[in-house]
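Please model the complete structure; the sequences and the hints are all you need to start from.
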Amino acid sequence: MTVLDADPARPQLPFGRPNLLDLAPLYDVLRREAPITAVTTPAGDPAWLVTRFEEVRSLLADKRLGRSHPDPENASRINTSAVLEGPSGDIETEEREHTRMRRLLTPAFSAKRMRTLEGRVQQLIDGYVDALVAEHDASPDGVADLHATLAFPLPVAVICTLLGVPESDGDYFSSLSERMSSFTGGDAQAARREFHAYMGTLAEAKRTAPGEDVITDLVRAYDEDPDFSHDELVRICTGLLFAGHETTVNRIGLGTLMLSGAPDQWRALVEDPEGRVNALVEEMMRLGAPGDLGLLRYAHTDVEVGEETIRTGDAVMFSINAANRDPEAFADAEDFVPDRQEKAHVGFGHGGHFCIGASLARTELRATFATLARRLPGLRLAVALDDIEVRETVTGGVRSLPVTWTEQ
Amino acid sequence: MSAVSAGRPLRVEADADVCVGSGQCVMTAPEVFDQDDDASVVVLEEHPTADQAADVDAAAVGCPVQAIVLHEEP
Ligand code: HEM
Ligand code: SF4
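Chains as they are written, first to last, in the working numbering: chain U, 1 to 408; chain C, 1 to 74.
One or more hints might be untrue.
Unchecked claim - Looking from chain C toward chain U, a few residues come up when the C-beta cut is under 10 Å (computed):
1) Val-26
2) Ser-40
3) Ala-54
4) Gln-66
Said to hold, decoys possible - Footprint (simulated), chain C over chain U, 3 or more residues, beta carbon under 8 Å:
5) 99–108
6) 367–380
FYI, nobody ran anything at the bench for these hints, they're computed from the structure.
Here the structure is a predicted model, which is why all the values come from computation and not from measurement.
Every residue, glycine too, gets a C-beta built ideally from N, C-alpha and C.
Rendered as C-alpha cells:
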C-alpha cells in the first residue's frame, strides 16, 4: 500500500544530537531546503518527515491524515518499541473512537478541573522539596537527585490520584512504560501486553469497588455503550497512565537543565515566581525536545503539499521539536526567551489530537518551578550537562538529575 | 471600550462544535474564555477590551483547531 519506497540513501531517524538540549543540525538544513522530505525510520521503513512550523500545523490539523492505516499489515513501521511504532486503530472506526475518547476525557482534564487540583499539587511538591532538602542535608557533598525525589514522583502521584491507580504501583508501571518505549532489549511488545493486563485487572476491580476517578468513569461509559470495546477501554487507560507521567517527568528534568543554562532567567524567577513562571514554562514547552521521533500519522488519501505528493498509506512523521525551533515562526528560535511575542508552539501537538493533559502538565510544571525558585533560590546542577545520563527510549529524558545549592 | 485590532473593535466568536476542549484559550485569555462542564469553549467577553486584545489574538492563533474567530466590528 505504501507508495513511498525504501531508499538507503535517505537520512535515517533518529538523527544524532549533540546533547540533551540541542537538536541535530540536519533539522536546520531540512527545514530550509526540504520541509517535507522522505526519510528512513529507525525500523528501516520509508516515511515522510515534516519539519517546518507552518506545514506541521497545517498537516496536523488535516483530517486526511490519521493514526490508523488503510492496510496496517503493510504500513511503514517506525521503530521497534511499543510506542508510536506503527498504525493504531481501525480506519473504519478511528474517527468514532477518537471522538468518544475525547468526549469522555477532556472534561476530566479541563483547565477548570485542573484549577481545583492546584492545592493538592502544591502540597505534594512541598513534600518532595522537603525530601530534597533532607537528602541535601544528609549528603556529605550536599547533592540531591531532583529526578528521583521530585520530577518522577510528582506526575506519578498526580496521575494516580486522577485515574484511581494505587500510587504504590508507580515503580511497576513506570518500569513497564520504560520497557514499552525502549529501543533496545526487544521486549517492548511483551511489556505492552503486561501493561494491558495490569490495566484490564485494575479496570475490572473498579466495577466492584468504584471510586471517584477517571478509570471508574471510563468503565461506566464502557458498560453503557455496546460499541465501546474492552480493548479500547484498556488502550485508553494505558495511554493515559503512560502519557500522564512519562512526558511530564521528562519536562521537569529538561526545564531544570534549561534554567541552569539561563541564570538570568532563574534570578528573575526567584525574584518573582508567580509573575515569571507561566512564560518560563511555555518556553520550556517550546524548546524542550525529549526524544527525536515526533508525532506519527498515515495518509488516508493522497495529499499534495507544496511540491510533494503524500500517497495513501504513506507514513508521515512530524518533528514538533524542529517546528518549535523554526526561525520563520520564532525569532532567535534556538534561544531560551520566555518573553517572546510568539506564543503558539506545538509542544502539546496541534489539531484534533492536541494533548488532553496540557492543562494538567502546565499545572504541575508551573507549581514545580515556582516552588523551586521560592524555596531553593541557590539551586544549580551538581554535574556538567554532558555527564547526565539519558534514557534510550522514544520519550527520552534523564535517569538522574544531581543538583545542589548554597544557602542564600 | 472594546479591543482594537488594526484600529477596530473586535467581536469574539468560538465554535463549540469544532472545539476539542484543549483549554488553550482559557489559559491564554482567562478573562475572555472559559470551558463549560464538558470542557467546551465558552466566550465570556464577546467584546473584549483593548487591554485584552493581544491575549485574544494569541488565543485565536493558538487554538489547535481554529475554533476561535475574531471579527472586526465596523
Ligand atoms: C509536558 C507534558 C506533556 C507533553 C509534552 C505532552 C505532549 C503531547 C503531544 C505532543 C500530544 C499529541 C500527540 C499526537 O498528535 O499524536 C499529546 C497527546 C495526548 N496527551 Fe499529552 N503531553 C504531556 C502531558 C500529558 C498528561 C499529563 C496527560 C494525562 C492526561 C496527557 C495525555 C495525552 C493524551 C490522552 C493524548 C492523546 C490525545 C488524542 O489523541 O486526541 N499528556 N500529548
Ligand atoms: S483553544 Fe480552541 S480547542 Fe481549545 S478550548 Fe479554546 S476553542 Fe476549544
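Structure-based check of each hint:
Interface hint at C/Val-26: satisfied, since its Cβ lies 4 Å from the closest Cβ of chain U, which is below the 10 Å cut-off. A distance limit of 10 Å between C-beta atoms decides the matter here; for C/Ser-40 the minimum to chain U is near 8 Å, and the interface restraint holds. For the restraint placing C/Ala-54 at the interface with chain U, the shortest Cβ-Cβ distance is roughly 9 Å, inside the 10 Å limit, so the hint holds. Of the supplied interface hints, the one on C/Gln-66 holds, with its beta-carbon coming within about 7 Å of a beta-carbon of chain U, less than 10 Å.
Counting residues of the stretch 99–108 of chain U whose beta-carbon sits less than 8 Å from any beta-carbon of chain C gives 4, enough to reach three: the coverage restraint holds. Using a Cβ-Cβ cut-off of 8 Å, 0 residues of the stretch 367–380 of chain U lie near chain C, which falls short of the minimum of three, so the contact claim is violated.
When the structure is compared with the earlier hints, a violation turns up for hint 6 alone.
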